[in-house]
Structures are given as structure tokens and as C-alpha cells.
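Sequence lines, in order, name chains A and B.
For the first sequence, numbering that gives the first Met the number 0 begins at 0 and goes up steadily by one.
For the second sequence, numbering that gives the first Met the number 0 begins at 0 and goes up steadily by one.
The set of hints was computed from the structure by calculation and includes no laboratory data.
Any given hint could be a false lead.
[Said to hold, decoys possible] Simulated pairs of lysine-lysine, DSS-like, Cα-Cα distance not exceeding 30 angstroms: (1) B:K214 with B:K271; (2) A:K5 with B:K19; (3) A:K5 with B:K478; (4) B:K478 with B:K196; (5) B:K19 with B:K196; (6) B:K56 with B:K27; (7) B:K56 with A:K5; (8) B:K67 with B:K214; (9) B:K305 with A:K229; (10) A:K188 with A:K164.
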Amino acid sequence: MLRLEKRPNPSQFWQYGTPVVAVLLTMVVGGILFAMLGKDPFAVIKTIFWDPLFGEFAFYLRGQLLVKAGPLILIAIGLALGFRAGIWNIGAEGQYIMGAVIGASVGLAAYPTESRLIFPAMVIAGAFGGWLWAMIPAILKTRFNTNEILVSLMLVYVAETILAKAATGFLRNPDGAGFPGSRNFSSYKAASNPELIAGSGLHWGGVAALVTAVLVYILLQRHILGFQIKLAGQAPRAARFHGVNPTRLVVFCMGVSGALAGMAGLFEVTGPAGQISIDFNSGYGFTAIIVAFLGRLNPIGIVFAGLLMALTYVGGEMAATNLGLPSAAIQVFQGMLLFFLLGVDVLGNYRIRLVKGA
Amino acid sequence: MTRDILLDVAGISKSYPGVKANEDVSFKIGVGEVHALLGENGAGKSTLVKMIYGLVKPDEGRMSLRGKAFAPSAPSVAREMGVAMVFQHFSLFEALNVAENVALGMENPPPMRELAARIRAVSEEYGLPLDPSRMVGDLSAGERQRVEIIRCLLQDPKLLIMDEPTSVLTPQEVEILFKTLRQLSAEGTAILYISHKLEEIRTLCDAATILRRGKVVGSADPRQSTARELAEMMVGATLTPPERKATAKGDVMLGVTEVSVASPIPFGTSLKDVSFTVARGEVLGIAGVAGNGQDELLLALSGELKTAPDKVRINGRAAGDFGPAERRRAGLVAAPEDRYGHAAAPDMSLVENAFLTGAIRRNLSRNGFIDWPATRAFADEVIATYDVRTPGNHVAARALSGGNLQKFLIGRELDQTPEVIVINQPTWGVDAAAAAAIRQAILNRAAEGAGVVVISQDLDELLEIADMFAVLNEGRLSKPRPVKGLTIDEIGLMMGGAHGMEVAHHAEA
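The shape of chain A in the complex, shown without the other chains (with noise of 0.2 angstroms):
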């Protein structure tokens, strides 16, 4: 018989280990799902994990990479933050989109102006939307004690309806023809978002993902406000007695992670996605909650965790069109890599013993 018997101490390797062991098992039973679909398993594998990195089309995909990986490290970075202090924003999906509107609509205001100022302008503004959307689950939380979790998720609805009626109504563009959606960015130069390096992928969301995960992680390391949302998360009575405050970590968390999704939506809308449409959202910020847990919640793991995230995107749309995939079956791949990596999460404090009898 199998027991799980608590470890004295968290282990470091499990620490480390169980994102590789939780991609190692979602391959396996990935690959029995494929098989079951009728598919050669190594194949589909192979296209979404080697492909896009070293196959024909490759100069193109790895650009792509850059492209989706960006806004979901962003994202997760600033969720990581609240899941490490045990609030939990689920609703990046919305301010990702409040960012981009509120973010798109300083730039369209600006219109035809040209102005190095504009885009910066933009970027605070996007920020400002994302936190301004975080804000009212923060302040309904500490002030009536609702459930961060379910506000935060019902007002990525509203988000989409406001999204909706700003591409089809006040962010339409005039020269459209009655064409749902806003101008396009790529053609403004003041606002746009245009890749640094040719073929690199890179934008300026990119580079601000970068950035953000080292900025996260010396806060997370070495300030006092990292110290505190650790402390918070694993053991809130200790925190108080340290003398956390727990509104102002809420509104901080709330406002840090808020602030990053509407920059990352901004990033997007200017960039790859072109202009604001109905849909230019793709659920970034849902994913992005897979890559916070899969990068241990910790910036540095976040990156990679991003990097791995948008390989199965790019490597899973290339097994839907060339390999007939249905598409749903990518996404419960990616779910899979979230329920292995939750999963085998317990050997970091459990260890597996063998029990002869019963």
C-alpha cells in the first residue's frame, strides 16, 4: 500500500522537480488521449513541443513565442503576488481588457497627433484601467468581506460587454466603413507597438515582462513588502501578529497584479492584435493563472513557465491545422499540465512510502 508521510521539512528538489514531472506526465497521458483520438501520439508531440522550436517553420514560430509568452508572464507575475499572499484575483482577464480599452482609448483620443509622449501616456493609462478594474473586488473585499474570487471572475463578463460595445460603439473607428473595431495602431505610428528586433517576436511588453520579473523578484527576496505577502499567504495569524496590515496588502496585491494585466492588454492591442475588436481578448489571463502555479509562483520560474505556456499554444495550433487536432483537445492538454502540476505538488511535503499489509 502507498502512504503519504509529511516531510519535516519542504523539499527543495520536489520544489524544482515537480514542474518537470508534471510535463513529463502531461506528455504521457496527453499522448494516450492523442492516441485515443486516433492520432500518432510522437507526432502530435513532437509538433507541439520540438517544431515550433526546431522545425521547418521555425524563424516564424519562435517569434511567436515571444509574442504570447510576454503577456502571460506579465499577467501571472502580478498573480503570483496576490496567490503568495492568499488573495485570489481571478478576474485578469478583465482587467486585462479594462487596460486595453482605457489604455487604447488615451491613444485614439490623441489621434492623429504625433508625440513620443502618446505611447508612455498610453501604457500609465492602460496600467491605470487594469488597476481601476481590480480595484472594486479589492475595496468590496476589505470593506464588506465579499469573495475576491467570485467578483474578480463576474467582472471579466462585464469587462467583455464593455470591450463589445467600445469595438462596435465609442472606440470604432470613423474611417471603418461600419466596421466593428478601432483603427488600427500599426498605422499610428505615435501609439503603436511595433516588434524591436525583426523576427525576435519582441515587443514592448515583452521587454516589460522581462523587466517586471526581476523587479518582482528582488521585492519578493529582499524587501520587507514580499516578506510580508509570504508571510500573509502561509501563516495570516503570524502576519498580523508581525503587523501586516491585511486592507492594505489586499489593495496592494489587487492594485499590483490589476495594474500588470491592463499594461499587458495595452501591449497586446497596440501590438500584435492591431486594434481593439470584439475578440482580440484569447483568455491571456486565464492561462496566465496556469503559469503563475506552474512557474511556483516565483517571477524567475514564471518566465520559463511563460516561454513553456505559449510553446503549447503555438506548437498545439500548429497539431490543429496540420494534424487535424481538434483544438479543445489542446486546451484539456493544457489544463492537464495544471492538474499534474497541483497534483504532484504534494511530494514537496509529502513523501511517497511503501506500507507492506494493510
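On the provided structure of chain A, position chain B as indicated by the hints.
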């Protein structure tokens, strides 16, 4: 007097990863015998009785009950064979009444009305007053224990195991309990009585088996031995009581005026008009049965519960509206009772836990950035000064034994040159040698000029270290009195006597 052997434990061993909890333990209990199991915390008493009660299986050795092999695979099996146990920590539902709680512990509970009648009958027969229809959440700790005992007695046990039963009782309640236990013993029920309180064992028990580090180090007739002899067998060393240097009374370091706060804890006790002062160099001991507002008093002093500014004064400064960090800055350090989760973050390292409260007074951060080398040095200093046994400062707090962690946590507060020290249960669960060291360290700080408040349920401890003595009862604090000249009877009455007994008229006199 020779008795028939009821339980024979022979050569029992049990190991856990990294520790031998019991090694070759043998002893016998006669029918109707009150047998003491004596040992410090961590000596292996609990593991041993858990094996007898079927909660843990021994690695080696065998037991027999009335001559038949006895290897209970679960507590239900042990109960069926006549072994019952009252745990130190009660397993009761506060939102259910007494009869419902008793029914939950039975395999086939009778109808409620019948059960209530039986509870009443048993409680009268054994002199344990208890109303089956009362809500457990409203009961005192002593009454809760009676629920557990009656739950056991309804099974008509042959062997009753009691784990540290008096730690939550007033002296008068202890008397009632002992009367009950003697009656049971006279009727032929053997009692295995676990404690480290020597005087109790000397008055109650017929025989004693003494454990140290998992092994039997001796047996004694407690009635023929002095408390000191027993203690030295238990500890394996000669004990020296803490030294006190007489100091003149100084300025008031901590002044508390009519503090009333609602308890943030469900079924907690709110504080009602608590007032006291502590002078420089003075130790105020606050006694009381658990659950009478001790936790709330600590929260109100540490700053986790705030009051109007004037109600709490630290070194003359109004500090009632200060949070924990500001109170530390003002000179007050506090050590809560619960180590795993309140005083310390269990999964964080000792270094991080050193930062938890040491940050301010030890200057462990600069512009918001943590000075880790200085924090590590502080943790190492506490580990060395207070003899904390640990492989290093990097281990998680939860990896340390309760006593070791307590040494670390008390040391962490005392090494911050505090002006006011507030400690709840300084030596709970700590072995005798370490407890003596902690008490000495507290007294040393008092001698250096700190005002000290010690909240404890251990009366002997308070009488040993305190200058002034007060009792917390249902959230009210009695007027502090000098320890010199107090008798144990007076203290008992200050503690509210025996809950539910006819002693109120004594208190009024």
C-alpha cells in the same frame, strides 16, 4: 496489597522517522490501580498510550489485557475491550449540546432522551455535575473535560487513560476529579494517569512508571518518594530553582486602564474592564483556566486588537491605537501561546521567523529592504544563547520540537532589549530543564529593568517567578495582589472556584 494484573505491557518499541519514541517499554497495571506515567514532554508518554488505545501500532513488543493477547488495531477495538481514554485536547463540537457530543462518540447511541437520563445518572453517581442539554461552547474547560470523562464512563471501562487531565482545571476542580477517580479505582477500574505534576501524582497514584527519552528509567511508589526524587528521575539531572535578585520598584512600564474588547475568536471570551500596571523590574503573573480571555488579553497587549489610545500606556506613552509594529517600536514585545501559526510561521525558516518580530527593534531592514546577513546573525544569536537544538538557521520552524521552538521564540523576544514583555504560556510543552532556563531568562530581563506580564495556567510557575498575582476569569481580571503570603486556597477562589459547584458563598466572604 497485591492485585490481579490487568494490563501487561512487555518490550514495546515504536520509532518515527528520526526519533525513537519508545524503546523496550515494559510495565504492569493491576486491577483498580491508579498508575502514573511520569515523564517530561517528549519522553514518549503520549505515543505509549496511543498504542494502548489502538491509535498507533507498536513496531515491537506485545501487550496483554487480563492475560489475553491485546493488540488493538483501532480505538473502537480498544474500547470494546474496556479501554477508554480522555485526551488532553478535547474532541468536542462547541455548537452541539452535551448529550449530542456524547452520542457522536458512541457506536450505537441510544435515543437522546434515554442517553440524557444516563448522562445525568452517571454524573450524579460520580459527583461530576453536568447538564446534558447545555451547549458545549458555553462550558468551562473543566466541564468539557467532564463531558469526555462521562463519555468514557458510559462504556463501563476497565482501564481509563487520562492524558494530563488537570492542566485545565482549578484546584477545586482537581479535587472533584480526584474524588471521582478514587471512586472508580475502588470499584475496580484501573486508571493510567499521565502527568508531569508531581504533587498530584503523589496524592493520587498507587504506582508510577517513569519514562525518559522513550525508555523506562524506573518505577516508584509515589507515596513513598518526595517530589524532588521523582523530578530528578524524570529529568535525569539535579534541578535548581530560578534565582531572583530583589529590585526596587520603579516607574510604571505598562499601564492598562479599563480595557474592554470583543473577542475576535468564535466562542472566545471578551475582555471586560481589565486594568493593571506593571512597574520596572516587576513580574505580574496572570493565572486562570484556559479560555477565560488569555488569548484576547495577549492580542490587546500585542497590538493585534486596538483600543482607545489612553487605555494602554507603554512607558508612559499612550499606545492603545498602535498596531503590533508601533508597539514594538515603543518597547513592548509579546509572545503568543500558539507557536505554530501565530508566534511563528511554521513553513518559514528560523531566519525569516527571526525577522518576523525582530525587524524593528533589531534594525533588520534598511529603506524597506531586509538585511538578511544581520537577520541571520540575530537568528544565530538566539539559537546559541537559548540552546535551541536545530541543524541550522535555515530549517522550517515546524521541523523543531515544541520545546525547542518555544526557546527560540522566547529568546527572539527577550533579545530585543524590550521595556515591556508580555508572554502567554511561556513553558507550555517545554521540558523541565528548558522551562527553568526560560524562566531564568525572563527574570534576568526583569532584573535589567523590563516590566513583565506572564500569562500562564501553571500556578507553580507563576508563584515561582511573579511578584504580583492576578487571575483572569471570564474576561475579568482580579485586582493584582503580592505573591508573598498568598495561599493556594485563596488562589483557587480567585480563579472562580469550581465551576458549577456551590462555592460562590465562599468567594463573597
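Tested hints:
no.: 1; hint: B:K214 with B:K271; in the structure: 47 angstroms, violated
no.: 2; hint: A:K5 with B:K19; in the structure: 17 angstroms, holds
no.: 3; hint: A:K5 with B:K478; in the structure: 47 angstroms, violated
no.: 4; hint: B:K478 with B:K196; in the structure: 28 angstroms, holds
no.: 5; hint: B:K19 with B:K196; in the structure: 24 angstroms, holds
no.: 6; hint: B:K56 with B:K27; in the structure: 19 angstroms, holds
no.: 7; hint: B:K56 with A:K5; in the structure: 18 angstroms, holds
no.: 8; hint: B:K67 with B:K214; in the structure: 25 angstroms, holds
no.: 9; hint: B:K305 with A:K229; in the structure: 24 angstroms, holds
no.: 10; hint: A:K188 with A:K164; in the structure: 25 angstroms, holds
Of the numbered hints stated above, those contradicted by the structure are hints 1, 3, listed in ascending order.
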